[in-house]
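Number of protein chains: 2
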Amino acid sequence: MTLEPSPRSELLRVRMAELSEKAGVPVATIKYYLREGLLPPGERTSPNQAKYADGHVQRIKLIRALMDVGGLSLATVGEVLAAVDEGKASPHRILGIAQEGITSSRQVVDEESREWALATVRDLAERRDWPCKDPEDPIIQALIGVLCAIRDVGHGWYLDKLDAYAEIADRTADLDLEGIAGVESLERIIEIAVVETVLGDRLLSVLRRLAQQRASKAHFARLAVDDE
Amino acid sequence: MTLEPSPRSELLRVRMAELSEKAGVPVATIKYYLREGLLPPGERTSPNQAKYADGHVQRIKLIRALMDVGGLSLATVGEVLAAVDEGKASPHRILGIAQEGITSSRQVVDEESREWALATVRDLAERRDWPCKDPEDPIIQALIGVLCAIRDVGHGWYLDKLDAYAEIADRTADLDLEGIAGVESLERIIEIAVVETVLGDRLLSVLRRLAQQRASKAHFARLAVDDE
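So the protein sequences, as listed, match chains Z and V.
Everything in the first sequence is counted per the UniProt record's numbering, starting at 1 for the first residue and increasing by one.
Everything in the second sequence is counted per the UniProt record's numbering, starting at 1 for the first residue and increasing by one.
Because the hints were derived from the structure by calculation, they are not lab data.
A portion of the hints provided could be inaccurate.
Claimed, not checked - So, partial list: chain Z residues that the calculated Cβ filter (under 7 angstroms) puts toward chain V:
| no. | residue |
| --- | --- |
| 1 | 12 |
| 2 | 14 |
| 3 | 58 |
| 4 | 65 |
| 5 | 149 |
| 6 | 168 |
| 7 | 170 |
Unchecked claim - Calculated cross-link-like contacts (lysine-lysine; reagent style PhoX-like; alpha-carbon spacing at most 20 angstroms):
| no. | chain 1 | residue 1 | chain 2 | residue 2 |
| --- | --- | --- | --- | --- |
| 8 | V | 161 | V | 133 |
| 9 | Z | 51 | Z | 61 |
| 10 | Z | 133 | Z | 161 |
| 11 | Z | 217 | V | 61 |
| 12 | V | 217 | Z | 133 |
Virtual Cβ for every residue (Gly too), placed ideally from N, Cα, C.
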């Protein structure tokens with residue numbers, strides 16, 4: 001595994017216009033990120049000018065990727081980055097913030113469904129040795145929401161495969177952790193975790209789609225349907 | 001595997017107010033779905049009244065789940081359902097429409113990055129026997145976008161694990177297909193595929209998060225960080 005130089009390295013020293021060009025983002029957007037505290041201020045060289053470093057380019061690209069590809073809101077990105085910069089919260093906690101931003105759903109779940117889903121989650125967690133102490137944890141809440149939605153649309157049979165999907169999730173998580181094992185800096189570990197989680201979700205979902213095309217080709221070919 | 005009764009069954013015959021109650025959606029929303037053609041009209045019993053069936057309840061729940069949990073826009077849900085109802089398009093094509101709605105991204109990719117990513121995708125597809133004929137296919141485009149984003153934020157090393165993730169995707173896809181093998185109705189197959197894809201993405205992402213907590217616990221415990 002080869003890691004690129006840390007985003008905090010200071011090889012580059014450019015003005016705002018060049019920063020905009022290198023990061024591929026308009027000057028007005030960069031100024032907005034600076035005002036909102038998403039981007040640390042540059043090194044002031046005169047009352048009206050500042051110089052920016054490699055870390056700024058990387059940070060802007062990270063903001064854009066989390067928003068454009070990961071689908072996070074600007075507010076969630078801000079919270080995640082603040083927690084990363086503070087360096088006090090654990091990776092778990094920061095991932096929780098990012099995850100809350102992605103998994104928040106407007107879905108309403110009735111009491112009976114919630115109890116059924118929570119029992120299902122608890123049983124699953126016990127079988128797989130997963131943490132499930134706090135039912136108010138946003139990830140547990142998100143899982144409850146998905147299970148209820150699947151049952152609610154009349155596809156409860158899908159959940160017969162829950163354990164098989166959970167096993168795949170365990171394999172995926174072990175693979176996710178491989179990238180982090182050798183890294184020493186906590187800040188870097190957290191950034192890796194956020195990237196792997198947010199962009200990794202998208203990667204896995206798209207790979208699954210291609211694999212489904214492969215897997216379904218044989219099956220659907222039997223049915224006489226027009227493909228255009 | 002036990003399948004619930006088909007959403008087209010006509011056991012229930014209720015008026016609008018009851019339909020609203022059973023589906024958990026306001027009357028105004030149901031009227032909007034009817035006007036937009038997302039919901040087929042009820043059976044007219046007088047000039048001002050119509051009765052609705054089980055299929056209407058299920059259809060409304062499906063619309064809500066695709067929007068609230070799956071994150072599809074109303075327009076995308078409309079296109080997906082129109083294709084399902086028409087019954088002419090193949091499951092592939094309909095999944096393509098749903099997927100386009102989820103994977104569309106505002107991301108801009110430069111020419112060099114696009115070529116690198118397309119070559120990476122082509123190599124991967126060849127190794128795994130995945131379809132990759134049309135580079136303009138929305139799924140291929142989405143994969144190109146994710147690969148570029150990961151490299152762009154300086155985490156290109158993550159892609160060393162691409163083949164391992166692709167293998168997991170293949171296992172997932174085989175599992176996905178298991179639910180469809182015994183079903184005969186094309187309309188039902190398509191609905192299953194949409195549910196499995198849109199809600200399944202969410203399910204897998206949340207399961208992965210819990211599995212990550214299990215996997216990372218041991219690793220992060222070594223680092224002295226405050227978890228609150």
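**Message:** For residue 161/V and residue 133/V, compute the direct alpha-carbon distance and say whether it is at most 20 angstroms.
**Reply:** violated (24 angstroms)
**Interface hint status, residue 58/Z versus chain V (Cβ within 7 angstroms)** = Result: holds, 5 angstroms to nearest chain V Cβ.
**Message:** So if I understand the rule, the pair passes when the alpha-carbon distance is 20 angstroms or less; does residue 51/Z with residue 61/Z pass?
**Reply:** holds (18 angstroms)
**Message:** residue 12/Z was flagged as interface toward chain V. Is the shortest Cβ-Cβ separation under 7 angstroms?
**Reply:** violated (13 angstroms)
**Message:** Hint check: residue 217/V vs residue 133/Z, CA-CA at most 20 angstroms. Holds or violated?
**Reply:** Holds. Residue 217/V to residue 133/Z sits at ~14 angstroms (cutoff 20 angstroms).
**Restraint outcome when residue 65/Z is required to lie within 7 angstroms of chain V by C-beta distance** = holds (4 angstroms)
**Prompt:** If you draw a straight line from the CA of residue 217/Z to the CA of residue 61/V, is it 20 angstroms or shorter?
**Reply:** Violated - the C-alpha atoms of residue 61/V and residue 217/Z are around 29 angstroms apart, more than 20 angstroms.
**Asked** Taking 7 angstroms as the limit, does the beta-carbon of residue 170/Z come near enough to a beta-carbon in chain V?
**Response** holds (5 angstroms)
**Prompt:** Are the Cα positions of residue 133/Z and residue 161/Z separated by 20 angstroms at most?
**Reply:** Given that 20 angstroms is the threshold and the Cα spacing comes to 24 angstroms, the pair is violated.
**Prompt:** Can the hint on residue 149/Z be confirmed by a CB-to-CB distance to chain V that is less than 7 angstroms?
**Reply:** Since chain V brings a Cβ to about 4 angstroms from residue 149/Z, closer than 7 angstroms, the hint holds.
**Prompt:** How about residue 14/Z: closest beta carbon in chain V under 7 angstroms, or not?
**Reply:** Given a least distance of 17 angstroms, the restraint on residue 14/Z is violated.
**Item:** Proposed interface contact between residue 168/Z and chain V, which counts if any beta carbon pair is under 7 angstroms
**Value:** Holds, about 6 angstroms.
Consistency note: the structure conflicts with the earlier hints numbered 1, 2, 8, 10, 11.
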